[in-house]
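Q: Chains as they are written, first to last, in our numbering: chain D, 1 to 296; chain F, 297 to 681; chain E, 682 to 953; chain U, 954 to 1240.
These aren't lab readings, by the way, just hints derived from the structure by calculation.
Just so it is clear, CB atoms sit at the ideal spot from N, CA and C, and this is done for glycine as well.
One should not assume that every hint holds.
[What the hints assert, rightly or not] Taking beta-carbon pairs under 7 Å as the criterion, some of the chain F residues facing chain D (in silico):
1. 357
2. 358
3. 362
4. 428
[Stated by the list, open to error] Not close to chain U: a few residues of chain F, all C-beta gaps over 12 Å, as computed:
5. 339
6. 367
7. 456
8. 461
9. 487
10. 501
11. 513
12. 558
13. 596
14. 629
15. 632
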Amino acid sequence: MPAADPEVQTMNYEISLLTTMAIAVMFALSLNLITGFCGQISLGHATFQGVGAYTAAMLGKAGLPFLATLPMAMVLAGLLGVVVGLASLRVRADFLAITTMGVGFLFVGIVRQQEFLGGELGISSIPDHGLGRVGFMALALVMCIGVAALSMYIKRSWMGRVFNGIAEDEDTMRVLGIDVPRYKLAAFAMGTALAGMSGAFYTYHLNFIGAESFGFVESITVLSMVVFGGIGSVPGVIIAAALLSVLPAWFQVIGDYKLLVYGGLLFLMMRFSPNGMAGLAQHVASTKWFPTGGRS
Amino acid sequence: MKSRIPHFSLLTVAAAAMTFAASPAWAQLKLGFNVPLTGFAAADGKSSLEGAKLAVEQANAKGGVAGQKIELVVYDDQATPKEAVPSATKMVEKDQVIAAVSGSYSGSTRAAAVIFQRAQVPYVVAYAIHPDITLAGDYMFRVSAMGEVQGRGGAKLAQNLGKKKVVLVTLKNDFGQALAAGFKEAAPKLGINIINEYEYGMPDRQFGPLVSKIKSDNPDVIYASGYFFTAGPLVSQLRAAGVTAPIIGQEGYDSDKFIEIAGPASEGTYITTSLDRDSDAPATKAFLADYRKATNSGADMVAAASFTATAVAIEGLKKTGGKGGAALRDAIAAGSYDMPIGKLEFNDLHEVKKDIQVQIVKDKTFRRHSVISDPVLLAPPTKAK
Amino acid sequence: MNKQPSGAPLLSVDHVTVRFGGLTAVDGVTFDVHEGDLLGLIGPNGAGKTTLMRAIIGVVQPTEGSVSLGGESLNGLPIHQRIQRGMSLSQQLVKPLRDISMADNVALAAASEKTISPLRALLNVSNAQELAVAQYELQRVGIASMASQRPGIQPLGVLKRLELARALALKPRLLLLDEPLAGLNSQEAHALATTIAEINQQGLTIVLIEHNLGEVMRICQRLVVLDNGKKIGDGEPRTVMADPAVRAAYLGGDALGAAAAQGQPSLETHHA
Amino acid sequence: MLAIELIAQGLIQGSIYALVALGLTLVYGLLRILHVAHAALFTLGGYVGVMVCNASGNLAVGFFCAALVSGVGGVVMFRLAYQPLLSQPPYVALIASIGLFIASEEAFRIIFGAQGMSFTNPSLEQQFVLGGGLQFKLAELLVMLSTATIIGVLAWLQSRTRVGIACQATVSDPQMAQSFGISLRQVRDINFFVGSALAGFAGVWVALLNNLVEPTMGSVPSYKALAIIVLGGLGSVPGTLAAALLLGVIEAFGTIYLGDILDRNAIAFAFLIAVLMVRPQGLFARS
């Protein structure tokens, strides 16, 4: 194994951190479509990242190049998303969070029992993506920017306006002639497909996956990123996802108190600024420096 | 309707300050160490850290290596690959560790192994038992017996105890599965009949249904894999339901906490491990005493394995006078070590071939029961396979 | 300018019955609404008016009978398909979207072709055309000056007009108004009733549920009276109110009934 | 014979689920908050129970202190965390509760150590041999007995006393209840106290059954109780009890006969999702 030339080698830490950030932002933005724009709370979103990750891993080991596994990962995750979406339409609004949580446990429970998916040992020795560490990071950043741009576009389009209406009051939207179930399914399909993409990147970034990496804890973490950033706010979610995804690495210095601080931050943000960082920024902007008041 | 948000710029300032904290680096021999200090594996992480620290303190007390003190650079990887990758990359690049030791579980250690191999940093693994770790490359070393080997040892113990019908209770993680695979591989050759196998998850503590089913199976012996926080409740519930068949455990049980939790029910439990409490070997006796002095608690298998892995790395450094890379790799590979968990020599796959110590719980403590040293049965995999 | 009732009715309610468990809220009600009508649907509290309205709009599925629009049965269709077929409802409890402007609220209704399917909605961004429609409808109901403000800070009268503007922006063939005057003082009620009458005269068929008898008598050409789920009166306002059965069931024979019986409601009528 | 034992084990596990889920149902029925941090009070009860019992040598005192401390803890959590967030959308309280739960698990680890705690001399260990080789620990019998009595008393309180009726009224229509002179704050405090005390009580039972309390013992109840209150129909005490016991028995049979297809959690949630597909309003709630 030839040693990579020292200069590039010292940047690996930053490169892997940036790649982790890009994947986390992609994943958080995909949930933001479902929960942020369309108001459907999902406590099982890591399941769709898992579907994407396992699809990419299996296809990769079967010989497909990384870029070919990407669309397949998105399609499969999106399909499962539609199925879960259909099921969730039958359920009362406040049961949706618990139903999606149930789907999350079902996914982990089934995957870890299947031998062809590596069972408890997970899937390892996944072939290299062949783009080189910097190339892979660049692709991840490009796709991440693409998802952000798509989110901004959707928010400004009529689909975004309808999603915003559904999030606030479904019944009124029905009376305005909106086919609410189909819009919810569209949000689920897009959100889960993008989560599948982030899963494919996750697989090739860590080149080793196990069912445990897509469980309830991960679903809570990504939901916290969206809510911490400011539900529905694309810049807020991007910043929150980037920060929270590498927080454990920065918090090494606090070591033992890392999760305590993470839990505390989550609670304090919700307690004092329910609209997350976006709400905080908006509040600071509207009172301190711009007395004329931005959007109240 | 929006609630009035009080002025809270303090929160944003606090978040910003966090990002710039960095640890100062001195010119010393840096030894990397990834260990789960938080999360579900924090209990083992604590013992592992104590063991590694003891080894470093002892080495520094004797003048360190070639006049330089050894600094243990500790990273909490929460026993998950997601945390292990950045930690390992940072150890290799930022801290530029000369060697590294794993005090963590298999998931995180496998992910870190790839990074240390690529950076040509020797990585000595304490108790993570997944086969992929040493397959990652020639810079990888493992000081404890692999899961399959321990599983085969367990089958041999069952045969030695003259038991025929066995029930397997397997913890659903790679540790449990590797042990079960080893046991199932050896059982038919030793005339042992596995009548049933049941699985349970890491968070499970109540085993009522499992215990009832085992009672109806009425086996001669039970081979149950787990850690003290799962095995303690399992053993006490088995005995409470009137199951009297002997129970064979593994190094995961090997902690005083197991006896404390299971209480009187733990009496007579066998475990296949590599830390012999009644050993007359000086290294083991010294370690047990030093550990109790340093932490005023009894040493467990995880602490002994982490101490051993750290000591092996340090002895390698002594031989190369503090040089790392290929020289350190060859020095470690060639060495033979007298450690608390036995006499160690690495084979070509850098696995160790050593005997299995069988301990039994007698009046509230682990005592020596027997030693299993079947060179064929317990041979670790070699590069050829 | 009384509209001649043209041939086929626009909305026909045929023996509609709605039962919840043991309770029969609507019992075999039948009536037709023709193009251009302004029909008042009245009756004492609990007469089944709102339940009938919900059966027409599709919130509730009738146990028996059928509702059809322009000759086409609506049975089994979800709400949004009834709306897409030209029906529109202004709800009793006004629920505008609070974090967007009044104009945007109405524009959302005006964009019904673009939002017919999620894909088409994704491909359309501009709302200039819809904002123009919104401006026109808001102006038509007399609250154009507040177009860019948020609904949250508006008085009830304005919100009721916003609800009306939103219903009109759907360009419906039939407009159902569920107690639009509820909660308004007499000037506001009178002004809004006049606006409703003008919109009807501009050619829109309207079915109005309302308790404010004074205004109903003034602007409606025809009344249907419900009591205990049954239809007990259908026809000209004055003849219907003179019918003893209606007065007995509806007013229990107290003062207001006497005034109606004299045939001179104190308010002047606007029948052009 | 095995079937009887499996049912018995299912009821034992179901009793623990019932005690935890009951508190959650009272809180969710009242405030529509997904109170994930409720499981932290379960863990707190476990620790207090073990420490007090080890110190005083008397188990009953341990139970009493655990219920009391957890109960007060619940009310404090309500006042500090949820009261100010009542006007916010539901996900705000959910994430705040998750943050509280993560922080509390870590606090337990830092204060009480990662290795967990056990009873110095575990009690209720005596064995009971019933007919046909059925053998139980005294603790296993008592957990079922105490759960039944507590829930019986609670159901009686809820339907027969003024306070109980006030609580039920507040659940169905807070504004209406207020207009009848019921102090919402008082009702919410009572519900939080009783619900949290039950969780603390359950924590001590689990400590007894496993002879182990550890920082992460609340992680499974934190999400499983949510599944139970949905199954039981929100806010209904009998519904929650029935759902908890049923889930316990289903898990007992599931782990044995479905063990190699689904793990324990997957079985519970497969059952929940199947029920919700057939009866969207939950198993025992009226439609």
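Q: Hints first: check each against the structure and report whether it holds.
A: Structure-based check of all given hints:
1. Annotation: interface hint on residue 357 of chain F violated; nearest CB of chain D at approximately 25 Å, more than 7 Å.
2. With a cut of 7 Å, the hint placing residue 358 of chain F at the interface with chain D is violated, because the nearest CB-to-CB distance is about 28 Å.
3. With a least beta-carbon distance of about 23 Å to chain D, the hint placing residue 362 of chain F at the interface is violated under the 7 Å criterion.
4. At a threshold of 7 Å, the smallest CB-CB gap from residue 428 of chain F to chain D is about 5 Å, leaving the interface hint in force.
5. Its beta-carbon lying about 5 Å from the closest one in chain U, residue 339 of chain F breaks the requirement of being farther than 12 Å from that chain.
6. For residue 367 of chain F, the requirement that its beta carbon stay farther than 12 Å from each beta carbon of chain U is met, with the minimum near 24 Å.
7. Every beta carbon of chain U lies more than 12 Å from that of residue 456 of chain F, the smallest distance being close to 30 Å; the non-interface claim holds.
8. Look at residue 461 of chain F: its CB is around 17 Å from the nearest CB on chain U, clear of 12 Å, so calling it non-interface holds up.
9. With a least beta-carbon separation of about 26 Å from chain U, residue 487 of chain F lies farther than 12 Å from that chain, consistent with its non-interface assignment.
10. Remark: the non-interface label on residue 501 of chain F conflicts with the geometry, its nearest Cβ contact in chain U lying 5 Å away (cut-off 12 Å).
11. Residue placement check: residue 513 of chain F does not keep its beta carbon more than 12 Å from all beta carbons of chain U (closest about 10 Å).
12. The beta carbon of residue 558 of chain F is not kept farther than 12 Å from every beta carbon of chain U, the shortest such distance being approximately 8 Å.
13. Once the 12 Å rule is applied to beta carbons, residue 596 of chain F is inconsistent with being away from chain U; the minimum gap is 10 Å.
14. Look at residue 629 of chain F: its CB is around 34 Å from the nearest CB on chain U, clear of 12 Å, so calling it non-interface holds up.
15. No beta-carbon of chain U comes within 12 Å of the beta-carbon of residue 632 of chain F; the shortest separation is about 34 Å.
When each numbered hint is compared with the structure, violations occur for hints 1, 2, 3, 5, 10, 11, 12 and 13.
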